[in-house]
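Read off the chains here:
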Amino acid sequence: MQRKIRVLIAKPGLDGHDKGAKVLVNVLRDAGMEVIYTGLHQTAEMVARAAVQEDVDIVGLSYLSGAHIGLTQEVINALKEAGADHMKVIVGGNIPERDFSQLDTMGVAAIFAGGSSYDDIIGTFNDLVAA
Amino acid sequence: MPTHDAEKHKKIKREADWLGRLRFEHEPEKNLSYSGISLQPFYRAEDTQFLPPPPPPGAYPYTRGIHEGMYRDRPWTRRQYIGFGTGEDTNQWFKDLLSKGQTGLSVALDLPTQMGLDSTDPLGKHEVGRVGVAIDSLADMEALFEGIPLEKVSTSFTVNGTAAIIMAMYLVTAEKQGVPPEQIRGTVQNDILKEFVARGTYLFPPTPSLRLAGDIIEYGITKAPKFNTISISQAHMKSAGATLIQADAYMFANTIAYIEEVTRRGYQLDDFGQQLSFLQCVNRDFFESIARLRAARRYWAELAHNRYGSQRDKVQKYRIHSGGDTDSMTFERPYANIGRIALTCLSAVLGGAQSIQLPCYDEAYEIPTEEAIQNALDVQMIVAFESGVSKVVDPLAGSYYVEKLTADVHTEFTRIVNDIVNTGGMVRWIEEGRLQRKIAEEAYQWEKRLKTGEEVMVAANFARDDKPRSEYETMMHPYQDKTLEQQTARIARIKQDRDPAKLEQALSALESCAHKGTNLMEPITEAVRSYATIGEICHTLKQCFGHYRAPTGV
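Sequence lines, in order, name chains A and B.
Under numbering that gives the first Met the number 0, read the first sequence as residues 0 to 130, first letter to last.
Under numbering that gives the first Met the number 0, read the second sequence as residues 0 to 553, first letter to last.
Just so you know, these hints were derived from the structure itself, not from any lab.
Please note: incorrect hints may appear among the correct ones.
With a straight-line cut-off of 25 Å between C-alpha atoms, the simulated SDA-like cross-links for lysine to any residue are [claimed, not checked]:
#, chain 1, residue 1, chain 2, residue 2
1, B, 450, A, 121
2, B, 124, A, 76
3, B, 124, A, 3
4, B, 450, A, 127
5, B, 447, A, 52
6, B, 481, A, 72
7, B, 450, A, 26
Given the structure is predicted, the values throughout are model-derived calculations rather than measurements.
Chain A extracted, bound-state conformation (with noise of 0.2 Å):
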């Protein structure tokens, strides 16, 4: 049987608005995928951790403060530092267009700004893992 997707839903930082997050978590659970949700107040190297444990195939960062840019490269760094630079890095949330090619350059593998169609993200997920 195949494995299932694995997926890290992660708030990085400080904004405290997750509930965005936890319906993603619910939508793709939904979609047959295992999700493991970290809670608030994450460090860069909380979530690499986490990721690692539970060795999953995608991480998923949400963001609703602005500070998407530094704490993402912080993921980023530090997933690298774990050996866990062949997991997928998403980001979504309050993601202005003008950032998404700073994101691009960092690594991240699709962005999902507000508005989102859970159906998009679904068929992402589902891509990314297959490729």
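On the provided structure of chain A, position chain B as indicated by the hints.
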């Protein structure tokens, strides 16, 4: 174990029976209000014949308003929520708004300030001055209110985990302006319990957090009697996913926990009740919003009188800070949000709010721009001075529909609050993650209903707008990159200028009070006076209270 499971099943079933969007799924044919109250196609006199007509405005239980004259005597306070960058940056904006129609201040603090971290702390370095103003020490508070006479203006701070420190800084700033704390009017949100289920700015475990909230309320009784020492908030739990009526009921269940934290210290509700204020948002469903504010006034008055023996009308009067919440703003066609804002404002006014803040048309993107704040303020002034709705108090009273809905909402408040209180109370619900689960489940159901189009959001899922976000992003509020640098310099300066012996004495007095369990406000005030940073004060408290990892509910 079967007994346990059966018990659990029963509990879950009862929770699910609460009115809410969960019910909607099973009764698609029903005509329901936003929060799930069953509606008739029209209402008749017979529908209200068993409901006693509410007494006039200004009379217990204040369903029709807490004052006889309401807006005829005094318009509501127009208070938009702003803050960014340094104290100086926000100070300029405050002065500008006060000259263009704002009548009270509402301070947005950045996340490090709300989480008890200095701007220089690596955990918060990407967040400095971003969603609010950065406050590290008394020096920043002094800059924030430079040239603003604090005896004349009332200021509201959306702050919870660090409310005690921010309140102390504000009172010391006023004292330095020559204004004694007894004359200061203002509000600290100080509603830490809801932070565990929405918004997330908690620093310590629930029990010491509740103690600190109680310390603020207790301190205010004699030291700052005109200050609202708590603003018990419904809006954030709604934003996290609860229905409006559920969130109202959770707010009242939290209120009971706060009251009992203070009464167990030997006080009566009448000693501090007039310093409790409430933040209850209105949203989407116009008539349900109005009914909720009317029902909440009655619910509070009866709770204060019947459960806590209140004899003072000032205590029984439920004072509402209202407005909308940002998650009702769409990214798509942001100017459509101005229509939503206007309806929000009108429903808060028809519901009888004492002060109003509105979300802004660009707020789905970023913290609002100056133009969008002014627009929200203009909407408030148009409703206040052009529409004529202020001329008659509680104009919807006697409507069969509004009176019936008010009574139905009141019944639901009673049902949900009693259920929480009878099954361990709010602190236990939070510690066990029960409330978090309930809210997360509602949020998911709502998203499903948006996806199927059962619920409409114009431009988002109806008459959809497919322009890329970049088309609208020119309107975003710019971030001040230099804030971190400026705050770092100011921290270095205060650390050089302050008296280290005085500081050390203040921090060790704070630590010993934390261990002894005595009121923390005096030692926090002393620490603030000696220019301790927010990070130093919170570090001292964490030594005693510890950290907390909250259940997430998913």
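Checked hints:
| no. | hint | verdict |
| --- | --- | --- |
| 1 | 450/B x 121/A | 14 Å, holds |
| 2 | 124/B x 76/A | 16 Å, holds |
| 3 | 124/B x 3/A | 37 Å, violated |
| 4 | 450/B x 127/A | 24 Å, holds |
| 5 | 447/B x 52/A | 32 Å, violated |
| 6 | 481/B x 72/A | 20 Å, holds |
| 7 | 450/B x 26/A | 12 Å, holds |
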